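Q: From first to last, the protein sequence lines stand for chains A and B. Just so you know, our numbering puts 167 at position 167 of the first sequence, and the rest follows in order with no gaps. Just so you know, our numbering puts 122 at position 122 of the second sequence, and the rest follows in order with no gaps.
If you are wondering where the hints come from, they were derived from the structure by calculation, not from laboratory data. Do not take every clue at face value.
FRET-style restraints, in silico, Cβ to Cβ [claimed, not checked]:
#, chain 1, residue 1, chain 2, residue 2, range
1, A, G163, B, R27, 21 to 27 Å
2, B, P115, A, D120, 34 to 40 Å
3, B, G84, A, L296, 35 to 41 Å
Quantities reported herein were computed from a predicted structural model and do not represent experimental measurements. Each residue gets a CB set at the ideal place from its N, CA and C atoms; glycine is no exception.
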Amino acid sequence: MEQRAGSAVAEPRARAAELCDAALAGDRRALARLLTAVENRSAVAEPALRTLYPRAGGAHVVGITGPPGAGKSTLVAALIGELRSAGRSVAVVAVDPSSPITGGALLGDRVRMQAYADDDGVFIRSMAARGHAGGLASTTGAATAVLDAVGFDLVLVETVGTGQSEVEVAAAADTTVVLEAPEMGDEVQAIKAGLLEVADLVVVNKGDKPGAQRTAAQLRAMLVATGGPAVGASRGDRPRPKRPEVLVTTAATGEGVPELIAALERHRTTLTDAGRENARLARAEAQVWAIVADRLRDRLHEATLRDDTQRTLAEVAAHRLDPYAAADTLLASLAVDDEPDATNRDCT
Amino acid sequence: MPDRPIKVLIAKPGLDGHDRGAKVLARGLRDEGFEVVYTGLRQTPEMIATAALQEDVDVVGLSILSGAHMTLLPRITKLLKERGLEDILVTAGGIIPDDDVPALTQVGVARVFGPGTTIAEVAEYLRANARPRD
Numbered sequence: 001m002e003q004r005a006g007s008a009v010a011e012p013r014a015r016a017a018e019l020c021d022a023a024l025a026g027d028r029r030a031l032a033r034l035l036t037a038v039e040n041r042s043a044v045a046e047p048a049l050r051t052l053y054p055r056a057g058g059a060h061v062v063g064i065t066g067p068p069g070a071g072k073s074t075l076v077a078a079l080i081g082e083l084r085s086a087g088r089s090v091a092v093v094a095v096d097p098s099s100p101i102t103g104g105a106l107l108g109d110r111v112r113m114q115a116y117a118d119d120d121g122v123f124i125r126s127m128a129a130r131g132h133a134g135g136l137a138s139t140t141g142a143a144t145a146v147l148d149a150v151g152f153d154l155v156l157v158e159t160v161g162t163g164q165s166e167v168e169v170a171a172a173a174d175t176t177v178v179l180e181a182p183e184m185g186d187e188v189q190a191i192k193a194g195l196l197e198v199a200d201l202v203v204v205n206k207g208d209k210p211g212a213q214r215t216a217a218q219l220r221a222m223l224v225a226t227g228g229p230a231v232g233a234s235r236g237d238r239p240r241p242k243r244p245e246v247l248v249t250t251a252a253t254g255e256g257v258p259e260l261i262a263a264l265e266r267h268r269t270t271l272t273d274a275g276r277e278n279a280r281l282a283r284a285e286a287q288v289w290a291i292v293a294d295r296l297r298d299r300l301h302e303a304t305l306r307d308d309t310q311r312t313l314a315e316v317a318a319h320r321l322d323p324y325a326a327a328d329t330l331l332a333s334l335a336v337d338d339e340p341d342a343t344n345r346d347c348t
Numbered sequence: 001m002p003d004r005p006i007k008v009l010i011a012k013p014g015l016d017g018h019d020r021g022a023k024v025l026a027r028g029l030r031d032e033g034f035e036v037v038y039t040g041l042r043q044t045p046e047m048i049a050t051a052a053l054q055e056d057v058d059v060v061g062l063s064i065l066s067g068a069h070m071t072l073l074p075r076i077t078k079l080l081k082e083r084g085l086e087d088i089l090v091t092a093g094g095i096i097p098d099d100d101v102p103a104l105t106q107v108g109v110a111r112v113f114g115p116g117t118t119i120a121e122v123a124e125y126l127r128a129n130a131r132p133r134d
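Start from the sequences and build out the full structure, keeping to the hints where you can.
A: Shown next as structure tokens:
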């Protein structure tokens, strides 16, 4: 879709190899270009990701989510400062929403992170969600893999301001931090399903505001007392909610940030092999399924099948065919199309 | 989406605190379908060049009302060139006397938008002149 006439796209594979070599050697401009390719799903993206994916997996990927204005960007800036003084390199992917009307976006997360301009150990990239719901862009996972592969110690993924159920970041990160502001709700909010359930760590930010400690105490009472494998460890393999640690920070002053970093580290090291394996399998499944779905869709719109696909969709639109039967029909048409001398693809 | 959005960095170099114009433009370009990275007040030339590189923007828009444009803008275009970013379209706006424009053009500022410029004019110029991308 992105293929245009032009010198740079002439040989996507060669261009990808060139960018990957440069990015792996520390060239930040090449890294930025790779991220653009991934974001735009250009022809360079797939060969580049094929090269880089096997090199990823070394970084600690930390997701940071929470409602708008809770202090996610300020906390990320504070984390960068603290991590840099410990000598660790940090990449940030900060996602902001795209306009559902114009497709435009205002990416404002960098405002809080600009102090690290001359530090080669910090790389910050803003991403527009581009119509993807769930708190991330559809390509955020791939962008994270690129930053992981080029060797950053940590990759911080900041979601769009989230509400109650944008839980996608949990599948993209090793450790998920859910940020709350003081006085955002009572204990009933804390026991609703959704965002808080995917938290490995819950952070009440703006700790200098009245009510911060009480909010933390309420969250602790509700989340720690009721969740977690320790309560019902013998209940077979039914999924159990997590028991997140609850911390208080004041990101603007840095208070509580060293403790948060210690908690992140604890989460990473105490994550059992089985827990880590499950999280990584879930991430792999999400990634691979997304690609499978993309490829199926592409195949169904290829020249040989496009007319059949359109006809089937029109049948559903007219309520002459139900969507399940349509899906079976389309899948069958793929299978038939794969056989070289298939003649009969007429199914209605 | 017919095409990928053009990505613009709106930055305020120098020490003046007048960011209303930059914010209005950032918001306006958002409404025109651009992806706009806004970095806030008091940006050094280094901060701006780093942001342009990491964000891989197509356009850098510099808003300056302090009178320091003859010092700061050439430093920014020089840093962009040093980092291999000479294909980025650099534009400026704010309070910049007409007499200074030729010198700024000389150092690589493609266009200076004065007071009274409409958002639509800026958007149209950027669409016509931003680098084609892979």
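Q: Of the hints given before, which are not true for this structure?
A: No numbers; nothing is violated.
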